[in-house]
Amino acid sequence: MNDRIERLKSDAAELNVGKGAARDGLYQALGAVAMVGGVVAALVAYVASRGLDDSRDIDSTIILAVAMLALSVAGAAVFVRYSLARFLRFWLLRQLYEGQAHIDQMVEAVTRSGGRPAGGAPDSAREVAGSTDELV
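Following my numbering, the numbering of the sequence shown begins with 17 at its first residue and continues without gaps.
There's no promise every hint is true.
Said to hold, decoys possible - SDA-like mimics (lysine to any residue), calculated; alpha carbons at most 25 Å apart, straight line:
| hint | residue 1 | residue 2 |
| --- | --- | --- |
| 1 | 25 | 109 |
| 2 | 25 | 82 |
| 3 | 25 | 115 |
| 4 | 25 | 38 |
| 5 | 25 | 101 |
| 6 | 25 | 120 |
| 7 | 25 | 97 |
| 8 | 25 | 104 |
Unchecked claim - Label pairs and their calculated CB-CB ranges:
| hint | residue 1 | residue 2 | range |
| --- | --- | --- | --- |
| 9 | 63 | 27 | 34 to 40 Å |
| 10 | 59 | 107 | 32 to 38 Å |
| 11 | 49 | 119 | 41 to 47 Å |
| 12 | 109 | 79 | 42 to 48 Å |
| 13 | 70 | 46 | 31 to 37 Å |
| 14 | 126 | 49 | 53 to 59 Å |
| 15 | 63 | 99 | 26 to 32 Å |
| 16 | 90 | 121 | 42 to 48 Å |
| 17 | 128 | 46 | 17 to 23 Å |
For the record, the hints were derived by calculation from the structure and aren't laboratory data. Glycine residues also receive a C-beta, built at the ideal position from the N, C-alpha and C atoms.
Given the sequences, and given the hints that come with them, work out the whole structure.
Okay, here's the thing in structure tokens:
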């Protein structure tokens, strides 16, 4: 099992899968900051609007609060997109590795059985004819 993990890591290094990971991590962090910062700024704008008397000032701070909530939603979308990209990249690599391991097992099983399928079917018509002669 440990050998398989090491082989997966070495194959991932050969494919340069981690090249875009730094940029993805940066965008993921920016999405998280935008998500949290938008909510905090919206709450600050709301609290600030409660102490105002002029309806124009209140409206402008409410517009600011709504814009910050929109920034928060956009930040959440960016965060989820890059989080899923990182997860799915690793998942796809693992699926490819497991598929190749399964193919290797099948090839090994076939070569061990002398090229015959698992049911032991005969390789040629001559073997079939020989087996029917024995029955007669």
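Here is how each hint holds up against the structure:
1. 25 <-> 109: Holds, because 10 Å separates the two Cα atoms, which is no more than 25 Å.
2. 25 <-> 82: 45 Å, violated
3. 25 <-> 115: Measuring from Cα to Cα gives roughly 16 Å; hence the hint holds.
4. 25 <-> 38: Given that 25 Å is the threshold and the Cα spacing comes to 17 Å, the pair holds.
5. 25 <-> 101: 18 Å, holds
6. 25 <-> 120: 18 Å, holds
7. 25 <-> 97: Holds - the C-alpha atoms of residue 97 and residue 25 are around 24 Å apart, at most 25 Å.
8. 25 <-> 104: Cα-Cα ~16 Å, so holds.
9. 63 <-> 27: 34 to 40 Å: Violated: the Cβ-Cβ distance is about 53 Å, outside 34 to 40 Å.
10. 59 <-> 107: 32 to 38 Å: Distance hint for residue 59, residue 107 holds at roughly 37 Å.
11. 49 <-> 119: 41 to 47 Å: 44 Å, holds
12. 109 <-> 79: 42 to 48 Å: About 46 Å separates the Cβ atoms of residue 109 and residue 79, which means 42 to 48 Å holds.
13. 70 <-> 46: 31 to 37 Å: This hint holds: roughly 35 Å between Cβ atoms.
14. 126 <-> 49: 53 to 59 Å: At 54 Å between Cβs, range holds.
15. 63 <-> 99: 26 to 32 Å: 31 Å, holds
16. 90 <-> 121: 42 to 48 Å: Once the Cβ atoms are compared, 47 Å apart, the range 42 to 48 Å for residue 121 and residue 90 holds.
17. 128 <-> 46: 17 to 23 Å: 54 Å, violated
In this structure, the earlier hints numbered 2, 9, 17 are contradicted, and the remaining ones agree with it.
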